[in-house]
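Going down the list, the protein sequences come from chains A and B.
The opening position of the first sequence corresponds to residue 1 in my numbering, with each subsequent residue numbered one higher.
The opening position of the second sequence corresponds to residue 1 in my numbering, with each subsequent residue numbered one higher.
No wet-lab data here; the hints were simulated from the structure.
Note that CB positions come from ideal geometry on N, CA and C, so glycine has one too.
Keep in mind that a hint or two might mislead.
Sample of chain A residues with no beta-carbon within 12 Å of chain B, all distances over it, derived [what the hints assert, rightly or not]:
| hint | residue |
| --- | --- |
| 1 | 10 |
| 2 | 13 |
| 3 | 19 |
| 4 | 80 |
| 5 | 103 |
| 6 | 149 |
| 7 | 152 |
| 8 | 155 |
| 9 | 183 |
| 10 | 184 |
| 11 | 188 |
With a straight-line Cα cutoff of 35 Å, these simulated DSBU-like cross-link-like pairs (lysine-lysine) come out [said to hold, decoys possible]:
| hint | chain 1 | residue 1 | chain 2 | residue 2 |
| --- | --- | --- | --- | --- |
| 12 | A | 2 | B | 91 |
| 13 | B | 30 | A | 177 |
| 14 | A | 177 | B | 20 |
| 15 | B | 20 | A | 146 |
| 16 | A | 179 | A | 211 |
| 17 | A | 210 | B | 20 |
| 18 | B | 25 | A | 211 |
| 19 | B | 25 | A | 149 |
| 20 | A | 210 | B | 30 |
Now the stretches of chain B that chain A is said to cover, found in silico as 3 or more residues with beta-carbon under 8 Å [stated by the list, open to error]:
| hint | stretch |
| --- | --- |
| 21 | 7-13 |
| 22 | 40-47 |
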Amino acid sequence: MKVSLVTNILKANDAIAAQNRRLFSEKNIIAINVISSPGAGKTTLIENTIKALKDDLTIAVIEGDIQSTYDADRISETGVQVIQINTGGGCHLDANMISNALTQLDFETVDMLIIENVGNLVCPAEFDLGENFKVMLLSVPEGDDKPLKYPLVFHESNALLINKIDLLPFVDCDVEKIKSESLRINPDLNIFEVSCKTGEGLQVWYDWLKKAKEVSKF
Amino acid sequence: MHEIALVESIIDIVSTEMKKHNITKVETIKLRIGEMSHVMPDALIFGFDVLSKETSLEGARLIIETVPTKGQCRDCNTEFTIKDVIDICPKCGGTSYDIISGKELEIAEFEGS
Numbered sequence: 001m002k003v004s005l006v007t008n009i010l011k012a013n014d015a016i017a018a019q020n021r022r023l024f025s026e027k028n029i030i031a032i033n034v035i036s037s038p039g040a041g042k043t044t045l046i047e048n049t050i051k052a053l054k055d056d057l058t059i060a061v062i063e064g065d066i067q068s069t070y071d072a073d074r075i076s077e078t079g080v081q082v083i084q085i086n087t088g089g090g091c092h093l094d095a096n097m098i099s100n101a102l103t104q105l106d107f108e109t110v111d112m113l114i115i116e117n118v119g120n121l122v123c124p125a126e127f128d129l130g131e132n133f134k135v136m137l138l139s140v141p142e143g144d145d146k147p148l149k150y151p152l153v154f155h156e157s158n159a160l161l162i163n164k165i166d167l168l169p170f171v172d173c174d175v176e177k178i179k180s181e182s183l184r185i186n187p188d189l190n191i192f193e194v195s196c197k198t199g200e201g202l203q204v205w206y207d208w209l210k211k212a213k214e215v216s217k218f
Numbered sequence: 001m002h003e004i005a006l007v008e009s010i011i012d013i014v015s016t017e018m019k020k021h022n023i024t025k026v027e028t029i030k031l032r033i034g035e036m037s038h039v040m041p042d043a044l045i046f047g048f049d050v051l052s053k054e055t056s057l058e059g060a061r062l063i064i065e066t067v068p069t070k071g072q073c074r075d076c077n078t079e080f081t082i083k084d085v086i087d088i089c090p091k092c093g094g095t096s097y098d099i100i101s102g103k104e105l106e107i108a109e110f111e112g113s
């Protein structure tokens, strides 16, 4: 007997992601899943984003790392709610981890949830957490060959921040190559060139994020 | 990528479905795995052979269909297979396309008695 299933292997994760998504929608929270290699600047970007937007939006953060509360400690300096998930070895966050973390959050007044995924350009692309969209970072010292090497994460992301542009005089990195190859993989990718060190380019990112929040209400 | 976790999920899903159909022995499980997904078919088969031992799926064979990455041109709507990560439309030379297949991680069907 042949049984036709046509079932996603990740259906257990996706079912929980759908629950998370429904909860965010009910509470009018925009959730973003921030992905990058280790050291590309996710935590610094989130710190800067919180400082810039906290007068307009109530932000909460879920931090994901294999070990340590280092990143959550940094974020808590900004005064927002933050939960640290330690996966103990898992190289990406999954929907169940987010669902559990949400039980520790008071989100009645939260407008925006920023999830910092474990530093990894591979696995986070595959796992739906229930977010509105994925935002990825690529830092200039990492090189300009990453779109072709890691196409899935570029394809799955809504936004790409090319970070550390202040280092361009010191490293070989063709930003135009990153942009053109990323757009070939994902023609709808919104690309920002920023430096979290100098602040260059970040206002455009903040404005875009605020706009995304407004649009998410509909 | 996480072939063991995927195998556990496959065993879980098929075991549940077996009971619904009163199937006690599974011969084959057909998977559709997209080229763009981070899954290595050999690792999946190896993992399945190991984890299915002493379960109701012991002895079942995984058949893996690799689904090619395909795009649909935004300029002329032509569907085409993407040969090497990025490609151009073979009909109009357009460079802007939507990915329409290649990300599948799917259990298509299984066969047993």
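Is the Cα-Cα distance between residue 20/B and residue 146/A 35 Å or less? violated, 45 Å
Between residue 30/B and residue 177/A, is the straight-line Cα distance small enough, at 35 Å or below? violated, 39 Å
For residue 184/A, is the shortest CB-to-CB distance to chain B above 12 Å, so the non-interface label stands? violated, 4 Å
Holds or violated: the stretch 40-47 of chain B covered by chain A, criterion of 3 or more residues with Cβ-Cβ distance under 8 Å? Violated: only 0 residues of the stretch 40-47 of chain B have a Cβ under 8 Å from chain A.
Can the stretch 7-13 of chain B be counted as covered by chain A under the rule of three residues or more with Cβ-Cβ separation shorter than 8 Å? holds (count 4)
Quick check for students: does the CB of residue 183/A sit more than 12 Å from each CB in chain B? violated, 8 Å
Restraint status (C-alpha distance of residue 25/B to residue 211/A at most 35 Å): violated, 55 Å
Quick one: work out the minimum CB distance from residue 155/A to chain B and report holds if it exceeds 12 Å, violated otherwise. violated, 6 Å
Minimum Cβ-Cβ distance from residue 152/A to chain B exceeds 12 Å: The claim breaks: residue 152/A does not keep its Cβ more than 12 Å from every Cβ of chain B (closest is about 5 Å).
Quickly compare the C-alpha distance for residue 210/A and residue 30/B to 35 Å and report which way the hint goes. violated, 45 Å
12 Å Cβ clearance of residue 13/A from chain B: The claim is violated: residue 13/A sits with its nearest Cβ about 8 Å from chain B, within 12 Å.
Decide if the proposed pair is consistent with the structure: residue 210/A and residue 20/B, CA atoms, cutoff 35 Å inclusive. Answer violated: residue 210/A to residue 20/B is near 49 Å, above 35 Å.
Checked against the numbered hints listed earlier, the structure breaks hints 1, 2, 6, 7, 8, 9, 10, 11, 12, 13, 14, 15, 17, 18, 19, 20, 22; every other hint is satisfied.
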